[in-house]
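K.L.:
Letter by letter, the chains look like this.
2 protein chains.
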Amino acid sequence: MENFMFQAPTKIIFGKGTENQTGEEIKKFGKKVLLHYGEGSIKKYGIYDRVMGSLKKEGLEVIELGGVQPNPRLSMVRKGVSLCRENNIDFILAVGGGSAIDSAKAIGIGVPYSGDVWDFYAKKAKIRAALPIGAVLTIPAAGSEVSCDSVITNEDGWYKRSADNEAIFPRFSILNPELTFTLSAKQTAIGIADIMSHVFERYFTQVQNVELTDRLAEATLKTLINNAGIVLENPNDYNARAEIMWCGSIAHNNMLGTGRINDWASHGIEHELSAIYDIAHGEGLSIVFPAWMKYVYKSNLPRFAQYANRVWNIDIDFNNIEKTAIDGINRLESFFREIGLATRLSDLDITDDRFDEMANKAVENGPIGFFKKLDKNDILNIFKIAL
Amino acid sequence: MENFMFQAPTKIIFGKGTENQTGEEIKKFGKKVLLHYGEGSIKKYGIYDRVMGSLKKEGLEVIELGGVQPNPRLSMVRKGVSLCRENNIDFILAVGGGSAIDSAKAIGIGVPYSGDVWDFYAKKAKIRAALPIGAVLTIPAAGSEVSCDSVITNEDGWYKRSADNEAIFPRFSILNPELTFTLSAKQTAIGIADIMSHVFERYFTQVQNVELTDRLAEATLKTLINNAGIVLENPNDYNARAEIMWCGSIAHNNMLGTGRINDWASHGIEHELSAIYDIAHGEGLSIVFPAWMKYVYKSNLPRFAQYANRVWNIDIDFNNIEKTAIDGINRLESFFREIGLATRLSDLDITDDRFDEMANKAVENGPIGFFKKLDKNDILNIFKIAL
Numbered sequence: 003m004e005n006f007m008f009q010a011p012t013k014i015i016f017g018k019g020t021e022n023q024t025g026e027e028i029k030k031f032g033k034k035v036l037l038h039y040g041e042g043s044i045k046k047y048g049i050y051d052r053v054m055g056s057l058k059k060e061g062l063e064v065i066e067l068g069g070v071q072p073n074p075r076l077s078m079v080r081k082g083v084s085l086c087r088e089n090n091i092d093f094i095l096a097v098g099g100g101s102a103i104d105s106a107k108a109i110g111i112g113v114p115y116s117g118d119v120w121d122f123y124a125k126k127a128k129i130r131a132a133l134p135i136g137a138v139l140t141i142p143a144a145g146s147e148v149s150c151d152s153v154i155t156n157e158d159g160w161y162k163r164s165a166d167n168e169a170i171f172p173r174f175s176i177l178n179p180e181l182t183f184t185l186s187a188k189q190t191a192i193g194i195a196d197i198m199s200h201v202f203e204r205y206f207t208q209v210q211n212v213e214l215t216d217r218l219a220e221a222t223l224k225t226l227i228n229n230a231g232i233v234l235e236n237p238n239d240y241n242a243r244a245e246i247m248w249c250g251s252i253a254h255n256n257m258l259g260t261g262r263i264n265d266w267a268s269h270g271i272e273h274e275l276s277a278i279y280d281i282a283h284g285e286g287l288s289i290v291f292p293a294w295m296k297y298v299y300k301s302n303l304p305r306f307a308q309y310a311n312r313v314w315n316i317d318i319d320f321n322n323i324e325k326t327a328i329d330g331i332n333r334l335e336s337f338f339r340e341i342g343l344a345t346r347l348s349d350l351d352i353t354d355d356r357f358d359e360m361a362n363k364a365v366e367n368g369p370i371g372f373f374k375k376l377d378k379n380d381i382l383n384i385f386k387i388a389l
Numbered sequence: 003m004e005n006f007m008f009q010a011p012t013k014i015i016f017g018k019g020t021e022n023q024t025g026e027e028i029k030k031f032g033k034k035v036l037l038h039y040g041e042g043s044i045k046k047y048g049i050y051d052r053v054m055g056s057l058k059k060e061g062l063e064v065i066e067l068g069g070v071q072p073n074p075r076l077s078m079v080r081k082g083v084s085l086c087r088e089n090n091i092d093f094i095l096a097v098g099g100g101s102a103i104d105s106a107k108a109i110g111i112g113v114p115y116s117g118d119v120w121d122f123y124a125k126k127a128k129i130r131a132a133l134p135i136g137a138v139l140t141i142p143a144a145g146s147e148v149s150c151d152s153v154i155t156n157e158d159g160w161y162k163r164s165a166d167n168e169a170i171f172p173r174f175s176i177l178n179p180e181l182t183f184t185l186s187a188k189q190t191a192i193g194i195a196d197i198m199s200h201v202f203e204r205y206f207t208q209v210q211n212v213e214l215t216d217r218l219a220e221a222t223l224k225t226l227i228n229n230a231g232i233v234l235e236n237p238n239d240y241n242a243r244a245e246i247m248w249c250g251s252i253a254h255n256n257m258l259g260t261g262r263i264n265d266w267a268s269h270g271i272e273h274e275l276s277a278i279y280d281i282a283h284g285e286g287l288s289i290v291f292p293a294w295m296k297y298v299y300k301s302n303l304p305r306f307a308q309y310a311n312r313v314w315n316i317d318i319d320f321n322n323i324e325k326t327a328i329d330g331i332n333r334l335e336s337f338f339r340e341i342g343l344a345t346r347l348s349d350l351d352i353t354d355d356r357f358d359e360m361a362n363k364a365v366e367n368g369p370i371g372f373f374k375k376l377d378k379n380d381i382l383n384i385f386k387i388a389l
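Taken in order, these protein sequences are the chains called W and G.
Note that the numbering used here has the first sequence beginning at 3, numbered continuously upward.
Note that the numbering used here has the second sequence beginning at 3, numbered continuously upward.
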């Protein structure tokens, strides 16, 4: 086990009707709120009205900035920074999924910084201060509601990069599973793939003697798999929606990464894909992860056999551990297909045209990954497996 | 699943040599430190010297208060409060196990309060402020290093009562598994029983649809069981010590209680036992829990069968679920015996003399427990089973 630091300071307020507490929570931190959200579905389903009602009830002043896109853009962040400065905003509330929250975090660090906010993502500046942010989560997927990361896409060159600092942990995150009833089957599946990927990035490690976190990760994966079928059958099943939503936060508050060296190569590869093709991050991962697994599993057969056995209940073939490992990988690919996700680039009509460009960008700061260190050639091979 | 709030703000610094970071962490909060510890073992094993070295290196001023006893006493807390006031202490560092940390928390809330600190434990006053505290943990057991609870024993009547408030979360807790190598086999086993009990109090619930937390709890119990044998065989096994230490915090930061109504009757019963007989809390629990389980299991057979199957790998007898449930309970009692703990009151020469007094005290504020609500008569029955 490796030495580690762990902290989960975000106050999670979980359950039915909890969005009505938003104003009360914000009041502890500020008075003038930037309400930041996506493309209007929160208005369609009444979430906007309830949140706004809660803010007004507490006498908070509200400036709105809607229109955050999936794979949130730097131009929107810059717009938000200006708006906050002009209006002396002292709290940013994101209502939405990871895109709205990541965009809110980016605005939060941009406001007190004299340079350009992209500096933090280009690793040219260190985050030292941020406006406090909070979240009302409507899509369980990214885990941004409990993390101190933000991922932003720079349209100038389509770079998708991340910044992290403990100053951007949301002060609170409100998680009401009812708000996820209206997610389509596709959006739900994409979220599940994203959550599973956050577990995989931590689970597939070469660090030995990490039993507790192995078992906690396996518990999270099994719960996701069991509840995926239930919500796809019945989108209004509160308990199954609640399990998936809580899995999304547990998967990414980094408890599952404690004592381990995490991998994150698949995320790096997927970021290049979604930056260029603007596909959903979760569906990019349902393509990249099976391919990555097929390419790297031999680096640690016992770990892949354990995964097959404990997560998918596949009996271990003690005379052929490799077969067990491969069965586990294939089972994941079938699962992604069963829940309606692409598992090959060709499913999304992506060809090998830009493999070279993407592989170059993925390794521009050197090889990526820990489970198996990947250079440009490795990434090209993974893209080929994924075709 | 029930609505819930969850927050784990304590910064955990985990691993080899981490006690050398103590001074650096304290410096963020204060300059004048009360160093609070137990009966001298930290001096014997060099922990005191390393921690003191780290404090001195950062130029911190230190006042000492050693001598905290197991089942920490109110008289010591009052002494600490006076000492802090006389010396304008602005940070309290506990070095030790749950007793030192609980005592530090009590002192922390006593200092800014004009009345007597017992008021908080007697529920006559609400905690509004506290001196910041931190911990260097030497005994994985109580989970106090990540909790916002404190349990103190009032010698006047031997009442053992708790107080809780988010103001008493430790600001940081330093967990170096190496510091636990010198724990005796008995101390180690007592700690394991204490940790398992924290999981049980949350696991045995009547709330349905709590799959993720069920599985996370089962993961924690399995890890504890697997590593108990390893450390009792080889006390210097770093990885097994690390697993147990991290289990101790995960078991009690309340993640495992999210979405569930917890029980806590067994803790209530045990507190009466250890308040009167001054036995180790963990060994009180290794006696009370099997007896409690035998008395209540019929209230929810499926849950006890699930526990037997998933935690102890006992095959479910589908024609006799009750037998499966009983097998699981018996397996726990055998496990406690295997690791050298008492499982009956008679093992510690405790007779039925004071059953009536203890049962009365346990229910003085009404029936206890949620899995099955227990009145005085129920508690007497549990004591009889435990004889």
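To be clear, the hints were calculated from the coordinates, so they are not data collected in a lab.
Do not take every clue at face value.
When chains are identical, the list treats them as one kind, so a pair holds in a single copy or across two.
[Stated by the list, open to error] Each computed PhoX-like pair below joins lysine-lysine, with the alpha-carbon atoms no more than 25 Å apart: (1) Lys29 to Lys128; (2) Lys59 to Lys18; (3) Lys46 to Lys325; (4) Lys18 to Lys81; (5) Lys296 to Lys13; (6) Lys59 to Lys33; (7) Lys18 to Lys45; (8) Lys374 to Lys59; (9) Lys33 to Lys300; (10) Lys30 to Lys300.
K.L.:
Now tell me, hint by hint, if it's right for this structure.
P.N.:
Hints and how they fare:
1. Lys29 to Lys128: between (29 Å within a copy, 22 Å between copies)
2. Lys59 to Lys18: For lysine 59 and lysine 18, the Cα distance is within 25 Å only inside one copy (19 Å; across copies 50 Å).
3. Lys46 to Lys325: neither (49 Å within a copy, 53 Å between copies)
4. Lys18 to Lys81: Neither: 33 Å inside a chain and 46 Å across chains, both beyond 25 Å.
5. Lys296 to Lys13: The answer is neither: 39 Å in one copy and 37 Å across copies each exceed 25 Å.
6. Lys59 to Lys33: within (12 Å within a copy, 42 Å between copies)
7. Lys18 to Lys45: within (19 Å within a copy, 51 Å between copies)
8. Lys374 to Lys59: Answer is neither; intra-copy 53 Å and inter-copy 41 Å both fail.
9. Lys33 to Lys300: neither (55 Å within a copy, 53 Å between copies)
10. Lys30 to Lys300: Close neither inside one copy (52 Å) nor across copies (46 Å); limit 25 Å.
Taken one by one, the earlier hints fail for this structure at numbers 3, 4, 5, 8, 9, 10, listed in ascending order.
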